[in-house]
Amino acid sequence: ITKMHFQWDWLCLGILIISSVTAETANEENLDADVEVEDFDMQSQEAEVDRNKPSIEVVYQTPKPTGEVYFTETFDGGLSGWVLSKTKKEDIDDNIAKYDGRWEVEELKENTVPGDRGLVLKSVAKHHAISAMLTEPFVFDDKPLIVQYEVNFQKGIDCGGAYIKLLSSEDDLNLEYFFDRTPYTIMFGPDKCGEDYKLHFIFRHKNPKTGEYDEKHAERPDVDLKKFYLDKKTHLYTLVLKPDDTFEMLIDQTVVSKGSLLENMVPPVNPSKEIEDPSDKKPDDWDERPKIPDPNAVKPDDWDEDEPSKIEDPDAVKPEGWLDDEPEYIPDPNAKKPKDWDEEMDGEWEAPQIPNPKCETVPGCGQWVRPMKNNPKYKGKWRAPMIDNPNYQGVWSPRKIPNPDYFEDLHPFKMTTVSAIGLELWSMTSDIYFDNFIICSEKEVADHWAADGWGLKKLVASANEPGMFSQLVTAAEDHPWLWVLYILTLALPVGLGVLFCWPAKKTDEYDFKKPDVSKQIRKGELKQEREEFEDDEIDEEKENEDTAEDERREMEETKREFLKDTKKMGREASLSEDEGEGGEDIDDDEEENEVADEEENEVADASQEEGGMSNKSDSEDEKKEADEGTGDHPPRSVRKRRVRKD
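Take the sequence shown: its letters are residues -23 to -1, 1 to 623, numbered as in mature numbering (1 follows the signal peptide of the UniProt record, and there is no 0).
Some hints here could point you the wrong way.
[Unchecked claim] No farther apart than 27 Å at their CA atoms in a straight line, the calculated lysine-lysine pairs in the DSSO-like style are these: (1) Lys204 x Lys420; (2) Lys435 x Lys209; (3) Lys235 x Lys420; (4) Lys186 x Lys377; (5) Lys203 x Lys276; (6) Lys193 x Lys183; (7) Lys41 x Lys420; (8) Lys120 x Lys183; (9) Lys420 x Lys120; (10) Lys186 x Lys391; (11) Lys65 x Lys75; (12) Lys186 x Lys209; (13) Lys99 x Lys210; (14) Lys103 x Lys204; (15) Lys65 x Lys99; (16) Lys435 x Lys204; (17) Lys276 x Lys354; (18) Lys209 x Lys86; (19) Lys120 x Lys235; (20) Lys287 x Lys276; (21) Lys391 x Lys183; (22) Lys435 x Lys420; (23) Lys203 x Lys175; (24) Lys99 x Lys204; (25) Lys103 x Lys132; (26) Lys75 x Lys99; (27) Lys209 x Lys103; (28) Lys276 x Lys356; (29) Lys175 x Lys210.
[Said to hold, decoys possible] Beta-carbon label-pair distances, calculated as ranges: (30) Pro244 x Asp283: 54 to 64 Å; (31) Pro304 x Lys203: 54 to 64 Å; (32) Thr112 x Asp70: 36 to 46 Å.
No lab work stands behind these hints: they were computed from the structure.
In this text the structure is predicted, and so the values were computed from the model without any measurement.
C-beta atoms are modelled at their ideal positions from N, C-alpha and C, and glycine is treated no differently.
Using the sequences and the hints, build the whole thing.
The following block contains the structure:
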């Protein structure tokens, strides 16, 4: 038991310490928040200026590639080498066909790294197109292709994309005429409209038989992409294509999708060997019905299709107090005709209807109508039961024929050579930030490039993260039900501390009766039971004292009767002495006297055990009287008397 109490003491102490630390932390954060609110008006301008400054000192240096690359761009030197499109989109209204969206090179608005600039899409609801030639064309041969760049939706995103296109190499490629129909080999990057969050990977595959190009889309990733569009942080997007015809898509250097160009593209790269015959038609007598109505079934004679589904309840009784003569609504007596009411134009004015106040205190007003109930006789329209169709032939499908366009491309990785990179976008949200493009073949080169650019942005963003308390408050603003969870979380340790650590009031140890576990015992009831128990003990002690007193009185009365008998026997002995009895009788008398003395002593001892100290004095008096009875008179016979306790 001592060990158990010791463990409970440590548990209670730990809970109280955790509760106090949590409360103190929350209090400090609340105080900080109060100070910030009080000083907001005074420091609003300073906060606006300092908002873009990082909370830690960072030294930015323009990233430099550490290996062979086909293209790099940091935008720290502006838009040198980039070409704005001057063409128009086809088949749309001329007012929106122009690629007149504005581009700027500037720093991030939040979590700024001083000196690090990027390309920013600035216009809303306009077409944007900008492109640049690669340093060296990439040929899909025996080296992997790695495409990597950064995106930050600084204002979130409503509808728009941030994907890039790797333009196919052509002799007549003119970047000033870059538009949506310019041939490309790969399209990769994020795209969102409504609640559809996508990460595109599309490549254009050339049919070796027809020479036509078809778009092949990678299967959708199985991860939730929503946070990457809404958290207003810079994210790193990477595409890896390998010569073994596999691919990987990564966000922030974490794989979100991977697969095979032969198996995980929609539609498949290679068509099926057989196709459905387009000239085949389903026969007119082909029966695809697995079940048919039983032609032998007959409607029962008692089936009444005219019975309604609902009928009036004949057992219903109009509630007492129903006002049949009072309408449910009456004209508003306080309403007045507007002054500008023209009866010729507006018609006769009528006061608006309001609920009848007399109907508020009664079951209802107006004509009472019996309520409706389900009709027990209703069966509805009769239909024959369904049975298996004996003529069922299954679902018809056209016959298969060899696919005349069938081909097999075992290495779809060998795509059209890439010679330029471009962004051709439409967006309903501005300030989409792009930075640190790289195209290479070595993963180590791309990772080192990311560490010098995106890694620095991630470090600054982590340093500027709000505290835990601020994050909890922000989450609760979006989801108010979280306040209930917060309150329960704080109240739980406090409640446990009060339950297990509150000192209990000590009570005297009594042998109480075992209480009923199913019935809760209150403190007042326990005190009352203890007082009743003490009263019972006092009454029992009084009863014992009364019983002892009665026994003592009975013993005294018995002694008095014994003494009287002894005196009487003494007088009889005197009379017998006058008759002249012999010496043997004297000896017998002496023996009888000794027996009488012993019996008297036994009676005295018994009285002493039952009556206490008072009986002891009575025994001495008894002995004294016995001596007086035998000392002054000759020996006499004494009749024996047995005294028993009731």
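Worksheet item: Honestly, which of those hints from before does the structure not fit?
Response: Of the numbered hints, 5, 12 do not hold.
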